[in-house]
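Engineer: Same order as they appear, the protein sequences are chains W and G. Numbered by the working numbering, the letters in the first sequence go through residues 1 to 256 in order. Numbered by the working numbering, the letters in the second sequence go through residues 1 to 438 in order.
Simulated from the structure, these hints should not be mistaken for laboratory data. For clarity, every value in this text was computed on a predicted model and none was experimentally measured. Among these hints, one or two may not hold up.
Partial list, derived from the structure: chain G residues whose beta carbon lies under 8 Å from chain W [what the hints assert, rightly or not]:
| # | residue |
| --- | --- |
| 1 | T278 |
| 2 | I281 |
| 3 | N292 |
| 4 | T297 |
| 5 | N303 |
| 6 | G308 |
| 7 | T316 |
| 8 | V317 |
| 9 | L328 |
| 10 | L399 |
Just so it is clear, CB atoms sit at the ideal spot from N, CA and C, and this is done for glycine as well.
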Amino acid sequence: MALLQVDKMTHYFGGLRAVNNYNLEIESGQIRGLIGPNGAGKTTIFNLITGIYRPTEGEVILENEQLVGLRPHQIASLGLARTFQNLRLWRHMTVLEHVKQARYSKIEYGLIGAFFGTAERHREEEENERIAQDLLELVGISQFEDQIVTNLPYGAQRRVELARALAIEPKILFLDEPTAGMNPEELDQMMQIVRQVHEELGMAIFLIEHRMRVVMELCEMIQTLVFGEVIAEGGPDEIRNNPAVIEAYLGKEVVT
Amino acid sequence: MAAISETISTNRERLSQLKTMVSEPFVMVPILGWFFGALVAVLLEQFIGLSLARAVGLARIPALFGVVIALEKPVLIPSVILYDLLIYVLPIALVARLTASPSNWVADRLFNFRSWVSVLLHIALMYLILHIWTDVSDYRLLVARLILVAVIITLSLNVINGYMGEFSCSHPGFIALGAYGASVFTVGLFVNDNILGSALLPETLGRFMFPIGLILGGVIASLGAILVAIPSFNTRGDYLAIISLAFMFMVKSLFENLEVVGGPRGLGGQPDWAGLPTVFIWTILGVWIMNNFVRSTLGKALNAVRDGETAADAMTVNTRRTKFTAFLFGAFWAGVAGGLFAHVIRYVNPGTFGLQMLAEVLAMVYFGGLNSVQGSIVGALSINLLGEALRPLDIYKWLVIPLLLIVVMITRPTGLLSFTEFDFTKTIKPKQNPEGEV
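In isolation and in its complexed conformation, chain G is listed as follows (with noise of 0.2 Å):
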């Protein structure tokens, strides 16, 4: 026994050292390094991408990460490391390293000059590599758009399920209600269509008022979330998720029986207006908003309402108006992802808002982390790219996502990153001294 241990606790040394070793060089490396690294990395599979998937043996530039053809053909992983190495890993640390000084002082320069400006720059930058990045394929493209759509989603469901700690299924339903409501919205009125009729305003201004579209998704799904809200004043726990339960299954009736919005049939022909930069920038701003209230004293209250109700009450917070609004307020962002997604799909039935998405929406909350900015975005972001990674696997892939979260709930309960305070001014900051942040 004593001989194991020992083995084990000498292998843990030797992980950390290791993890040291590796980290120890890209310590003094700003978030503005990493990013300049991730740009000449995109940059660079732009132009000699293909001709050096070909030359590893490659068909053409793998989409995503090469995870997918590691999948399908086994013999092509080395070419697939090989080319992960050279256009990703490599090119990301030599040039994060190489800039580290000078993009330390010009994260600096940027920080106190002012900070909301270096906020944009990085939101700019990182906009830039997105952009290039799904520009090498039309999938690549796609699945960006659903990931940006599922960190809506996944935070928005964290505000009432993490933050608030009430466990709601209904969110599946709020989606569907911004769907269809700015589907409603922009087929109705823009596009000539054979279930909503003839267009009655030009295409070209519909463009500017897509926004419009999706707001009022979101107000649509604000205004079903109140079906659940009051419940919610004087029921906990099991019963108000049997309760959002049945509000997800009312919805998901309601648009099968709707003959003028297609019925089971679904409503399709959206206008293409959910594009790379618009959904990015409905994400952003559903990011900055949502984090801006769980950071205020009226969003703590969640956690207060959460951690004991009685205390919450007693020391002047209004616990009514606090649930009232954690609901609406998650619903209406749910609603305008919903509005996204119909519009990057540009289709959606009645069928897709089951308990499928149910189950991908929770995985993604409680895989990422509860309570958390950033654990909302990794679990979007995993959960999303693994689903699509592990295509070839087919069914079996609903073997193995499942068993990775079995895993990482027994590992870290509450979720890989989660009861956490996301702070993106105090993430861009220059790393001046070692000491500091690593």
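Excised from the complex, chain W in its bound form (with noise of 0.2 Å):
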């Protein structure tokens, strides 16, 4: 079975449609990308298997674990981690302490050890501090550790946020428009850290992009979708020569 499977979800905001009838198999390892125009619904897929809105009817089962109904921290923790398209850094925060905070759910000390110092939380705030530094060194931003995040430019801001989905040791990582509003430079760099990342650690990726040179380029399965529902899917050179995506999605002309 595979390791992420999304079962005819389908989802209604009031009387309108978002979703419909949509189905996905990931499999552990396995990079794969949602395409689609504007609007058609990509993100509100993501929201819907991350728990942030419950699918009015389908199954989305991780691992043998039903994940509808279940609150986005939990779903989280069992390995399900996600950056959001518009930056939702906490503003306050240092990047290391952004990076250490998604080890929430990995705490032990409890409370007790929160109140009053004991030497456990403090062999456990460290191992987190080691591992989160190890990750800012992994997405290249260590220099910035001790900077309050928004001082940073926007490309480092992105990579807080990996660095954080990453913090909480996903089985399956969920990118949305990981490359939204980067130049070409900052985009080949992004590229290269998401592959970097997929190497080393090798978790399954799903990913949005509105680029199609990233998305053709990293991922081996592409699904398309229009108006809420899968109007193709397949390898990235199914789907480019596809003429259904062609004609939904990048207009009735043929592309040069």
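Fit the two chains together into the complex; they arrive one by one in their own frames, and the hints show the way.
Structural biologist: Okay, structure coming up:
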């Protein structure tokens, strides 16, 4: 059975059907992509799987565990991490604190440790700090460790989000437009980092992207979503040459 | 225009030059050195304070650095300044400067021996200074104890309003629950009282049971906080502020109508167990535990919830548990502070815990600084001292303090010392190189 399985997921916002009969299977270690025009419901699918919304119908199963009905932090703790399309960083916290915060569910010292500063707490906090520093090293922003996150350049802020999500030790990483708003140079770096993260940590990745180049180069399998429905699914070449995709996503004229 | 801005900038330069000129000789003085200076000053006041005060034309030792006297009789301003210079400023400055290297040596030795020993010694020294200073007059003793209680209250409110960023107005309610809880415990069990009946246990035992009474008050306040914590799961901002305000009024009218604890007349006759040592120890304990909490990852979760709840949730932070903990934890310390407050004043009535108190505690938090332990201490200290010092202004006092608040809010919108981390061990480190901490 697949690592993550989504079965016949449908969601309504009031009378509006945002997602219709959506199916997904992700094997461990796989990189999959989700593309589609603006308003197709890509982020809604992310929000449905990660528990921000509860699907009207359907099932989401991660390693035999039913995710529908769980709260977002529970789903995240089970190993499903995500980043956000519009950065959602904590504006008064430092970079290191961001990454350490995502270790929340791994903390065992409890309130007694938090109140009285036990030896157990110091040991755990130090260990989490070391893990966080390693992750910052991996995404290449360890020089910003003690900076307040709002002082960082945009590209670096994106990397903070990535490092923070990695601190959960996810089995699957959801990336919501990881290269949005980046210049070509930053884009190349980001793709390099995603590849490197995938190689070193080996988790499955599911990403939403607008830039075809990114999806085509990174993903093994791609789904195309239009008005909440998957109209095509397949490898990069299949998708690139699928007339329905070209019509719906790239426009009616033939791409040169 | 250019000329004006030039004069302003040169004035600024001069000001900063003056600042460095004044501060430069003291860069190397560690906290221990300042404590030595303060110790000498309070001892000096103890022994020659009265004769010096008479010599410069004052009737008695000025209680709060002479601000009250200066406001009442402006003629005496020079005498007050002279007194403060001779008793406080000069001795502290001289001793701090002269003992800089020996106290650095001592601080270094202590710090390298065991840092907690050093921390305890610093706290003991702080207590000694406070004890000698308050020995001079009962008024000082009362003010000092109230300020220490206010520090706990401010910090506990800061946990909710600053660290978690929810505008909670329920603090007077929590304080009232703690004050009444602890009072009923002590007055009911250890005192012959016409409301709560005769003592069930000997009073000598009560002194040792007092901490239990305070903790009981804290727990009762925590239980009350559940009423605010549960709505906070789905409600934020203005709506939660209204709910918490409603809670405050609920508690107030509860005690107004509860005849068993005296109704609107209040409950008096609390035993005099909240002396300076007791209050001091509880304040240190409260600050220590709250500071520990807000610096842990579990406590930083409060900041994460404040700055982005969705992101916090997605990063495995249990937001409901975090909010619940913050409210109950803040309320617990407010309750403990309430118990202490009741035993310092030795009388409680429901009228105390109304809007006036809410305004005062909020002022202390927002003046001192959000998300900051130092800020809470500074806020509690300055608002209380100002309130006492400006007493001669009568009703105009409530014109001056809010005006000051507005000025602070304009220049520093989040308070004097906001968004800092408090590390006492770092503060008491010896200062070896001037490039280090200034």
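Engineer: Look at each hint and say if it fits the structure.
Structural biologist: A quick look at each hint next to the structure:
no.	hint	result
1	T278	21 Å, violated
2	I281	16 Å, violated
3	N292	5 Å, holds
4	T297	6 Å, holds
5	N303	6 Å, holds
6	G308	5 Å, holds
7	T316	4 Å, holds
8	V317	5 Å, holds
9	L328	10 Å, violated
10	L399	33 Å, violated
Hint violations for this structure: numbers 1, 2, 9, 10, all remaining hints satisfied.
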